[in-house]
Amino acid sequence: MAKKIIDIRGVSKSFGGKTVLKDINLFINQGEFLTLLGPSGCGKTTLLRMIAGFLQPDEGSILLDGKELGDTPPHLRPLNTVFQRYALFPHLDVYDNIAFGLKLKGVPEDEIEKRVRKVLKLVVMSDYEDRDVETLSGGQQQRIAIARAIVNQPKVLLLDEPLAALDLKMRKDMQIELKEMHRKLGITFIYVTHDQEEALTLSDTIVVMNEGRIQQIGTPIDIYNEPVNAFVADFIGESNILNGTMIRDRRVSFIGHDFDCVDEGFGENTPVDVVVRPEDIYFTTEAAKTQFTATVKSCIFKGVHYEMFVDTDTGNELMIQDYDPYPVGSTVQLYIDPDDIQVMKKERTTNALEATVSGEGSIELLGGTFECNTAGYTAGDKVRVEIPFDAVDLQDDCDAGELTGEIHFILYKGDHYHLTVKIDGGGALYVDTNDIWDKGDLVGVKIPKKKIRIVGAL
Amino acid sequence: MIRKILCKGYLAVLLLALYAPIAIIAIFSFTEAKVLGNWTGFSTRLYQSLFMGGASASLIKAIENTLSIGLLAAAISTLLGTVSAIGIHNLTARKRQVITFVNNIPMLNPDIITGISLFLLFIAFHFSQGYLTVLLAHITFCTPYVILSVMPRLTQMNPNIYEAALDLGATPAQAVRKVIVPQLWSGMLSGFILSFTLSIDDFAVTLFTKGNQGMETLSTYIYADARKGGLTPELRPLMTVIFLIVLILLLAFNLRTIRQSTNKR
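Those protein sequences? They're chains A and B, same order as listed. For the first sequence, the residue numbers in numbering that gives the first Met the number 0 are 0 to 457. For the second sequence, the residue numbers in numbering that gives the first Met the number 0 are 0 to 264.
There could be a bad hint or two in this list.
Mimicking SDA-like on lysine to any residue, the simulated pairs with C-alpha atoms at most 20 Å apart in a straight line are [claimed, not checked]:
id	chain 1	residue 1	chain 2	residue 2
1	A	LYS104	A	ARG130
2	B	LYS177	A	ASP131
3	A	LYS102	A	ASP57
4	B	LYS177	A	GLU108
5	A	LYS104	B	ARG176
6	A	LYS102	B	ILE179
7	A	LYS3	A	SER39
Distance ranges between label pairs, derived from CB positions [said to hold, decoys possible]:
id	chain 1	residue 1	chain 2	residue 2	range
8	B	ASN157	A	SER60	27 to 35 Å
9	A	GLN152	B	PRO151	33 to 41 Å
10	A	SER39	B	GLN155	18 to 26 Å
11	B	LEU243	A	VAL123	52 to 60 Å
12	B	LEU79	A	SER60	34 to 42 Å
13	A	ASN24	B	THR91	28 to 36 Å
14	B	ALA172	A	SER60	22 to 30 Å
If you're looking for bench data, these hints aren't it; they were derived computationally from the structure. From the three backbone atoms N, C-alpha and C, an ideal C-beta is built for every residue, glycine too.
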């Protein structure tokens, strides 16, 4: 049984009223390569900086080897960090940069020299010890930054997007070297990145984060093959994310067809999200195997494979990757293996919100006033309301609606877009639409009177 | 061709206008005549009298005051300015803008106004005026320049290096000493030199803050001396020596920069 080296318990953090991390619970085993993965602003760097001691959690605690770190300052924590932009000391040469930590600890000079030479060999920079760090290339600087951290033999090495500033080729090489270094040193690595491919390549365990919450923890294979929700499926690799209905155990319906699958326990006729990876949709010429047909809309050569977009017979768009191209305009026969269909519980099926009845026939919702049937309630009542995803009307003109907001997250679901709209002044609405919006677009929000349904008092 | 001659000629006239006054002082420092402009034969007597104690005690005292005030004011302003710059750098963008603006005002403010307002301040608080008030006044007008010369170094600095030092086991004080200060060193040095020259150069502020107890710096001494009737002849070799020191320092500084940039390459 692996030993927990770091244990994060119920950690929350907010900056100026904005919640950055919300109730994070996570443990990291001795010797593990763990990656915090998420889009920018998801809180992954904040979490890393808390472990390093540069930030204090508002709530919760972080334990190292079973002992609470509390407000132990960074210089007393047996952890070392590799910073995103190297953060080498420009006034010191390579040797003195690496020896910096050891000199502070009062390690004898001959011991320092031995250890510096050893790590320089490990990062393949042996002949560079007298060089000025500013004369080194980005990749070389990064190696020195890694050497400077591991020479102190930390219990845990924290890496904050260490490869983000390198070009693609160099990044790939460094990934392999990092993995090799991790194997040789046996130190626990906590790695922060927004690059899903990097995370899949390097990690023993991936923690997918979004909006300050952990979405999923698992091995790269688990995360890729069995994403727990639409966000993870969309963020990791390419995917077709579709609305579906679980007819019964091992039988799911989506894109207008019924399929066998391997998932159980969702109940009967339950709305679900279905994920199918583009490489898991197969072409066939056998009528017996064919599950549905489609028309090829586009076909692009991507190096290893072709990427095709097809319109299914029921009007859904799917992305397919295959080694063989199919001509645009041709009709193709397709099937999906039961193993390759990932069924996920829907996080929500409607907008469920809290509102206040503000008068006869009007309610206050998310800071705006909407018309609505308020029969049975009086002004001042707090009520629970439901608004279907497709009832929300988005307008180009910010002044056109009762509320204004910003398109925050876009998910394509085969025949429509599922948007998350952040409402100015707090809160969010989920919207199904056929219109094309871009992330960051500012919109006016309208909701027709009939579509707002009061479901009960609070 | 004519164009070339015109260009060279223009440059020559320009340089002549700039350096002729200094050259005249230097030339006439090697003659004994009391009045500037009279050549009474080559002599190094003025130099001898300047360095061997022939010059008036009050001139020597003024030189000492100028140098000690210059060095002290420069050192203290450099310290204050550097600490302030680090503080200002760590403020939020909005506060930083406000403070930077406030910092710029004393630099644009005419010296005469700085001088009079400090004079009134010292009077109001019944501060007896003399060496200390001049020193305080010089620190006051030098510090903003130090802040101004240190700030760009801070903005250029990788914001993570302070944290990197902490991460490697340095206490906050060690991190500042071993990592931040070496980064700011060149800014601090130019702030120091700037402060020193500003202090030596200053006349208006010093005049209003030196009081009437006979405390003089070189600039106020020369002013008083000139009003009494002609410059003391020893001032000629003194000016020449000061000019030479500045020239040598400037050459050394430039040579060092050139050598550094070739080393880098």
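Problem - Distance restraint hint 28 to 36 Å, applied to the beta-carbon atoms of ASN24 of chain A and THR91 of chain B - result: About 32 Å separates the Cβ atoms of ASN24 of chain A and THR91 of chain B, which means 28 to 36 Å holds.
Practice task
Could you check the hint for me, namely that SER39 of chain A and GLN155 of chain B are 18 to 26 Å apart, CB to CB?
Solution key: With a Cβ separation near 24 Å, SER39 of chain A and GLN155 of chain B satisfy 18 to 26 Å, so the hint holds.
Exercise for the section: Would you mind confirming whether the straight-line C-alpha gap from LYS177 of chain B to ASP131 of chain A stays at or under 20 Å? Expected result: holds, 17 Å
Problem - 20 Å Cα cutoff - pair LYS104 of chain A, ARG130 of chain A - result: Answer violated: LYS104 of chain A to ARG130 of chain A is near 24 Å, above 20 Å.
Practice task
Could you grab the alpha-carbon distance between LYS102 of chain A and ASP57 of chain A and see if it respects the 20 Å cut-off?
Solution key: violated, 34 Å
Exercise for the section: Mind checking the alpha carbons of LYS102 of chain A and ILE179 of chain B for me, to see if they're no more than 20 Å apart? Expected result: holds, 17 Å
Problem - Outcome of range test on Cβ distance (LEU243 of chain B, VAL123 of chain A; 52 to 60 Å) - result: The hinted range 52 to 60 Å holds for LEU243 of chain B and VAL123 of chain A, with Cβ atoms some 54 Å apart.
Exercise for the section: Take the C-alpha atoms of LYS177 of chain B and GLU108 of chain A, compute the straight-line distance between them, and say whether it is at most 20 Å. Expected result: Status holds; Cα separation ~18 Å.
Exercise for the section: Kindly confirm whether 34 to 42 Å is satisfied by the beta carbon distance between LEU79 of chain B and SER60 of chain A. Expected result: holds, 41 Å
Problem - Holds or violated: LYS104 of chain A to ARG176 of chain B, with C-alpha atoms at most 20 Å apart - result: Within the cut-off at roughly 16 Å; holds.
Exercise for the section: Could you tell me whether the CB distance from ALA172 of chain B to SER60 of chain A stays inside 22 to 30 Å? Expected result: holds, 28 Å
Exercise for the section: Can you let me know if the beta-carbon spacing of ASN157 of chain B and SER60 of chain A is within 27 to 35 Å? Expected result: The hint (27 to 35 Å, Cβ to Cβ) holds, given that ASN157 of chain B and SER60 of chain A are roughly 31 Å apart.
In terms of the numbered hints stated before, the structure departs from hints 1, 3 and 7, listed from lowest to highest.
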